[in-house]
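Peer 1: Please work from the sequences and hints to get the whole structure.
Going by my numbering, the sequence shown runs without a break in its numbering and finishes at 1019.
Check before you lean on any hint, since a few could be wrong.
[Unchecked claim] Okay, derived cross-link-like pairs now, DSS-like style, lysine-lysine, Cα gap no bigger than 27 Å in a straight line:
no. : residue 1 : residue 2
1   : 752       : 790
2   : 610       : 664
3   : 543       : 488
4   : 717       : 473
5   : 555       : 543
6   : 587       : 473
7   : 664       : 555
8   : 555       : 610
9   : 983       : 782
10  : 983       : 778
11  : 750       : 894
12  : 790       : 983
13  : 752       : 639
14  : 904       : 894
15  : 790       : 488
16  : 488       : 555
I should point out that these hints are in silico values taken from the structure, not numbers from a laboratory.
Because the structure is a prediction, the values reported are computed rather than measured.
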Amino acid sequence: MLLSIRDLKVAFRLGERGSVTLAKAVDGVSFDIPEHTTVALVGESGSGKSVTAMSIINLLPDNAQRSGVIEYNGRDLMKASLPELQALRGKEIACVFQDPMTSLNPVFTVGQQLAEPLQRHLKLGRRAAMERAEALMNEVGIPEAKRRLDSHPHELSGGQQQRVMIAMALACEPKLLIADEPTTALDVTIQRQILELIAKLQERHRMSVLFISHDLALVGEIADHVVVMRQGMVREQGPVARIFQQPHDLYTKALLACRPSLANTSARLPVIDEHIEGITPARPAKPKDPNAPVLLEVRALAKSFFLREGLFGKREFKAVRDVNFKLRRGHTLGVVGESGSGKTTMGLTLLRLHEPTAGEVLFDGRNLLTLSDHERQAMRRRIQIVFQNPYASLNPRFTIGQTLTEPMAIHGIGANQREREQRARTLLGKVGLDDSAFGKYPHEFSGGQRQRIAIARCLTLEPEVLVLDEAVSALDVSVQAQVLNLLKDLQDDLGLAYVFISHDLGVVRFVSDEVLVMKDGEVVEQAPAPVLLAAPVQEYTRRLLGAIPRGYQAT
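Peer 2: Following this line, the structure appears as structure tokens:
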């Protein structure tokens, strides 16, 4: 057995001196990782997955208290000294984290960062280390590896950054790779490539993998054994085939049921607690009016960026080219495509957060792209945007009440501050938060709650169109289901129209009436959602659909 964890408990000390309390994060976790196998830790955010994994090599903050046994190749790592752990980290046990840009040093080149563990652990000279770094870049499939060694992390795409992180982790040929949500922020095709790369490298290097995810469909394709966690405890574990075909625990069944899929045509997604309690969502879907008035019409929209080239020259990069669509009241247009396809740039250009190069955006009969600044300010309240990252889109210095009332004060909504506050409290209730949230700050809320607050902030201005840019991609499956149900309810109640930008085709299938597929800044296919996702015409769309994780499938 390569690694055995027995009765692991982790708690964090909170407070100072006389008011110290212990917050349990992991409570009695036990599982094994055999040699040459992949074990997946699955659960919602806050279930203790990452804390369990980071306990193995003690990459935990100073206020963490651990107990139990973590045995690696016969050695109890709980008793290992810091120098012993440092010798193991990177050499025998390596990690790949969720966000490569927070793990890669922006100051150093990719080559320098790849060479460092080779020089530190394997004592290679600089030249030999750089040659090995180039070979690793080739192994993980980065084109023009030799030239890319001199690149800084920001010069690489998200998928390439994650490949560099994998190359760094494999530099010293570790026996155990810990992959902590390595594909969560990536589009489906890059996610598929990373999964296949990890599986291929595992086979080639004969290593074991501890794969952490909140997505059972994803781990079903890569894992041999699955450990399901909730609230710091193991709820169920077993071979991947048994977990998918005969799950025993209600929580595991709920995780499998909550994820949107291409086959799911129900009006609402089950939420984990409702599924466990056997509650069936009763609210029926409101039928869509095919003749509803057109709120937004986009004609030949284009956006170019001009990049410096040489001393005086510049080069045009066409990010969005000739995009056309109509959006009716109460309808949702799904926009899908790989990273770099232009979908986010298109959404930002609609709102003139990027100035367009050409085209028209007609809203209520007026071209938004030709309005004066004063006219645009008045019109902007009717078209709002919800961004991907709820942690970055809320001002940490504002209470939730201030966050909601400020835009109303700017746009003159409400007769006075008291009326604005009352409206803000009503909107908090509408997005599923109670009145106590009004005086709190963003850091006191989970990611899902923050996204609800971001949606409530948009609703303060009584918009008619919402642009949702990857608004649920950073959320785990249960919170994602809650937010998606909320968006449908708001659309039914208020007649909102959505431009829903996402790389998750299962989510797009659930929310969209029509789907627009983008590639290299152009629309390559556009059709009603059931038609396009059931029988796509373009090879590119078929490739996107083929990359969707579908869970365990018997061979």
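Peer 1: All hints, please: hold or fail.
Peer 2: Checked hints:
Proposed proximity of residue 752 and residue 790 is supported: the alpha carbons are some 15 Å apart, at most 27 Å. Simply put, residue 610 and residue 664 have alpha-carbon atoms about 22 Å apart, close enough for the 27 Å limit, and the pair holds. Distance restraint check for residue 543 and residue 488: the Cα-Cα separation of roughly 21 Å lies within the 27 Å cut-off, and the hinted pair is therefore satisfied. Taking the CA atoms of residue 717 and residue 473, the gap is near 26 Å; set against the 27 Å cutoff, the hint holds.
About 19 Å separates the Cα atoms of residue 555 and residue 543, which keeps this hinted pair within 27 Å; it holds. A hinted pair counts as satisfied when its Cα atoms are at most 27 Å apart, and residue 587 with residue 473 does not qualify at roughly 36 Å. As the CA atoms of residue 664 and residue 555 are separated by approximately 20 Å, the hinted pair is consistent with the 27 Å bound. With a CA separation close to 24 Å, the supplied pair residue 555 and residue 610 stays within the 27 Å bound.
The straight-line distance between the Cα atoms of residue 983 and residue 782 is roughly 12 Å, inside the 27 Å bound, and the hint therefore holds. The suggested pairing of residue 983 with residue 778 holds, with an alpha-carbon distance near 24 Å, which does not exceed 27 Å. Our distance criterion of 27 Å between C-alpha atoms is met by residue 750 and residue 894, whose separation comes to about 18 Å. A hinted pair counts as satisfied when its Cα atoms are at most 27 Å apart, and residue 790 with residue 983 qualifies at roughly 19 Å.
At most 27 Å may separate the alpha-carbon atoms for a hinted pair to count; residue 752 and residue 639 exceed this at roughly 55 Å. Restraint check for residue 904 and residue 894: satisfied, since their Cα atoms lie roughly 18 Å apart, inside the 27 Å limit. Note on residue 790 and residue 488: the hinted pairing is violated, with a Cα-Cα distance of about 51 Å set against a maximum of 27 Å. Note on residue 488 and residue 555: the hinted pairing is violated, with a Cα-Cα distance of about 30 Å set against a maximum of 27 Å.
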